[in-house]
Structure formats: C-alpha cells, structure tokens
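Start from the sequences and build out the full structure, keeping to the hints where you can.
Under our numbering, residue 448 is the last one in the sequence shown; the count climbs by one each step, no gaps.
There's no promise every hint is true.
Result set (DSS-like, lysine-lysine): computed pairs, CA atoms no more than 25 Å apart in a straight line [claimed, not checked]:
#: 1; residue 1: LYS277; residue 2: LYS130
#: 2; residue 1: LYS334; residue 2: LYS277
#: 3; residue 1: LYS128; residue 2: LYS148
#: 4; residue 1: LYS277; residue 2: LYS129
#: 5; residue 1: LYS334; residue 2: LYS148
So the derived label-pair ranges between C-beta atoms look like this [as the list claims (entries may be wrong)]:
#: 6; residue 1: ALA234; residue 2: ALA152; range: 27 to 35 Å
#: 7; residue 1: SER407; residue 2: ALA152; range: 57 to 65 Å
#: 8; residue 1: ASP164; residue 2: ARG396; range: 55 to 63 Å
#: 9; residue 1: ALA96; residue 2: GLY403; range: 49 to 57 Å
#: 10; residue 1: LEU415; residue 2: ALA90; range: 43 to 51 Å
#: 11; residue 1: TYR139; residue 2: THR97; range: 27 to 35 Å
#: 12; residue 1: ARG179; residue 2: LYS277; range: 42 to 50 Å
#: 13; residue 1: ASP197; residue 2: LEU278; range: 27 to 35 Å
Hint data in this document are derived by calculation from the structure and do not stem from the laboratory. Positions of the beta carbon are idealized from the N, C-alpha and C atoms, including for glycine.
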Amino acid sequence: MFDNLTQRLSRVVKQLRGEARLTDANIQDALREVRLALLEADVALPVVKEFIAQVRDKAVGAEVVGSLTPGQALVGVVHRELASLMGGAAVPLDFATQPPAVFLLAGLQGAGKTTTVGKLARLLREQKKKILVVSADVYRPAAIEQLKTLAAQVGVDWFPSAPDQLPVAIAEGALDWARRHYHDVLIVDTAGRLAIDAAMMQEIAALHAAVTPIETLFVVDAMQGQDAVNTARAFRETLPLTGVILTKLDGDARGGAALSVRQVTGAPIKFVGVGEKLDGLEVFHPERMASRILGMGDVLSLIEDAHKSVDIEEAQKLAKKVRSGKGFDLDDFKAQIVQMRKMGGLSGMLDKLPAELARAAQGATVNERKMARIEGIINSMTPQERTKPELLKASRKRRIAAGAGVSVQEVNQLLGQFEQTQKMMKMVAKGGMQKMMRGMKGMLPGMR
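Okay, here's the thing in structure tokens:
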C-alpha cells in the first residue's frame with residue numbers, strides 16, 4: 001500500500017549532502033518532496049500542512065551528528081513525526097469496567113465491520129476472555145447469519161437477533177444475557193450505510209446510550225482515501241470514539257487514510273486488518289508503521305509473526321536435518337510452505353522487510369497461488385513418494401498431476417525446485433553460506 005510513498009520519501013535522503021546543520025534553506029526542496037509524497041498518498045491537505053510545519057519546526061537548527069548524512073538526519077525527524085501523527089505508541093483496549101466490557105463497532109457499509117467483529121473476537125478469545133457477539137444490523141439480514149457463522153468459526157458465543165427487532169432492544173437483550181452468563185466482553189456489530197445519513201447517526205447514538213460501551217471503535221476502509229476522512233469526521237461528531245480499526249491495509253490504495261484518520265478523529269488507531277482470514281488483525285504500532293513507510297521495514301512484527309506461527313518442534317527437526325545435510329524430503333518442503341503461509345505468505349513477509357532487502361527478494365516473482373498448487377501436488381503423493389522422490393517416473397507423475405489438477409510439467413517444476421533446495425541444504429551443512437546465498441534465487445517455494 002505504501003510503496004509509492006516509500007519511494008518518494010527515500011529520495012529525500014539523497015537530496016541533502018554535506019551540510020553540518022539543517023536549515024530552512026537546505027531542507028526546503030526535501031520538504032516539498034515530502035509534501036508531494038503525502039498528497040499523492042491521499043493524505044488530507046490540512047493534515048499534510050500541519051505535518052510539514054511540525055517537521056520544519058523540529059528539523060531546522062538540528063545538528064547533523066556522527067556518521068549521519070543531512071538526508072538521514074531529516075528522515076529521522078520525519079520518522080518521529082510520522083509516528084506522532086499516527087498516535088506515537090500502541091494503545092491497548094480498555095477493560096477497566098465491571099464485566100462485561102462492551103465494545104461497539106461503527107462504520108460505513110462495506111468497511112468490513114462484521115468480519116472485524118469475528119477477528120477481534122478471535123483475538124480476545126486467545127487472551128482467555130469469554131466473548132459474546134451480537135449483530136444489531138437489522139437492515140442486512142445476511143449480516144446476522146454472517147456473524148453467527150464467524151462466531152462458530154472462532155469459538156465464541158453468539159446472541160441471536162432478527163430483522164424485525166429494534167437495534168436498541170437487541171443490544172440491551174445481549175447485554176443482559178452477557179451479565180447473567182458472566183461474559184468478559186460483549187462485541188456489538190452495528191448497521192452501516194453506503195453514505196452518512198441522519199437516521200444512521202441517530203440509531204448509532206441511541207445504541208451507544210443504551211449499552212454505554214467502554215470502547216467505541218470506528219471501523220474504516222483504508223482504501224477509501226479522502227472519503228475516509230469525511231466519514232471519520234461525521235462519526236466523531238456523533239460518538240465519543242475511543243479507537244480506530246483500519247481494514248484492508250494490505251490493499252492497493254495509497255494509504256492516506258492511515259495517516260489522516262488519527263488526526264481527524266482524535267482517537268488512536270488500535271488495530272489494522274490485513275487479509276480476509278480471521279487471524280488477519282494486528283495491533284497497530286505507529287513507530288513500526290512509520291518505519292515501514294520510510295522503507296526501514298518492520299522486523300519486530302515479522303519476529304512476532306514467526307513466534308505466533310512457527311511450530312518450534314518442526315523448526316528444530318528441520319534445523320537438525322539442515323545441519324546434517326541428510327533426510328530433507330518433500331514433507332519438509334511442504335512444511336516450509338505451510339509455515340510461510342501461516343506468516344502471511346511471501347508477500348506478507350516481504351512487506352515487513354526493509355525496502356532494499358524486499359526489492360532484492362522481489363527479483364524472484366512471488367506467487368501465492370503457486371505455493372498452494374505446490375502443496376496440492378505434494379498432497380497427491382504417497383508417503384513413500386514424498387520420502388523417496390527418485391521413485392517418481394512418468395506414470396506416477398501423471399497420476400499425481402491428475403490428482404492435484406495440474407500439468408505434468410508443473411510436477412516436474414516442483415521436483416526441480418526441490419532438488420535445488422536439497423542442494424542448498426547440503427551447502428549449509430558444509431558451511432557454504434556464500435554459495436547458498438548466490439544460488440538462492442528460485443529455490444523458495446512460490447518464487448521463480
């Protein structure tokens with residue numbers, strides 16, 4: 001999402017050279033580049049003006065110390081102000097109330113509120129909370145059924161509602177049920193509209209008054225751009241927002257909503273939605289996001305993803321095989337793919353790498369569908385074929401290709417990749433790390 005913004009801001013580093021101190025004169029062109037980059041990213045104009053003024057105020061007069069270049073010194077200021085613009089630090093959810101803690105989610109139709117309820121419920125269930133979810137969206141009958149399905153998928157309780165009920169009555173009934181059944185959290189999904197209207201705002205205000213939520217979370221589509229700012233302003237004027245959840249942050253939009261909505265609502269961004277899967281909700285860290293925007297990557301989040309997703313026992317088994325240079329088979333190859341997909345796939349990992357490393361890795365084409373096809377091909381093999389790929393002659397390959405719904409050529413391509421990876425493992429076992437790095441292109445599953 002932030003690729004264009006990252007590229008524009010990276011030029012700032014190269015523009016300033018050989019200055020001992022940052023002055024209004026020598027940073028003028030660089031700040032113009034920053035301003036254009038932000039406007040192209042669809043950041044709201046008032047936010048851009050205030051941001052540039054803050055950066056100029058903090059940068060002018062700053063000493064260029066140590067081994068830093070003037071451009072790097074200015075980027076340091078931009079990084080701090082970007083983090084400040086987005087909230088400064090991660091803000092946790094508030095549970096400081098008599099249970100159940102009520103979380104009310106509001107936003108326009110299509111922003112992903114119902115899916116976000118499911119994602120948030122899953123996240124809180126992992127924290128050992130007893131969760132009840134309810135839909136007060138009586139205008140879109142599918143929303144009630146959708147939430148019922150999501151609740152079953154993530155393993156939380158669902159409170160039934162129907163299109164002929166009043167939203168306030170639904171919410172009050174759910175709150176009473178949550179109290180009597182000792183739930184820790186009640187999450188209320190509300191109706192959205194295609195645009196802001198008076199009836200919608202009256203209804204959401206009445207719901208808020210009825211259940212007095214400790215968290216009123218504004219769900220906004222990060223791909224809305226300037227529209228997100230207008231929507232945010234309308235909801236802020238109606239509700240005492242306590243936080244923002246940005247959805248579809250992995251989309252192709254320019255990312256301006258992420259930088260504007262915090263300033264407009266005055267509420268911290270608490271979570272970001274990435275992907276459609278129910279584990280695709282991440283705590284928002286302004287400093288880490290600022291680093292990603294400036295091309296520094298988000299290695300901390302990558303490490304956290306690994307801790308959550310990687311099977312330590314499987315990783316240790318693989319490490320043992322790598323050290324010995326023996327025993328690496330197609331089951332291990334498949335395990336690599338599964339672990340990678342748990343961490344958001346190759347594209348999800350590359351997105352969190354520093355820009356230069358990500359560009360280097362992008363020399364090979366990332367293809368998530370190809371990863372799924374590789375997994376399907378291996379699943380079509382017998383256990384013996386996975387451990388002894390040399391058994392795979394023409395007739396077996398035809399059977400495997402038919403079982404996986406692919407061509408024999410794709411089976412051959414997989415076996416070629418596997419042989420390359422085996423060679424890489426042997427190089428590592430023999431201490432040939434430099435040779436391995438030179439030969440890595442095309443070896444990872446899903447890359448060619």
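Check: For this structure, which hints from the list above don't hold up?
Finding: Going through the list in order, the structure violates hints 5, 7, 12 and respects the others.
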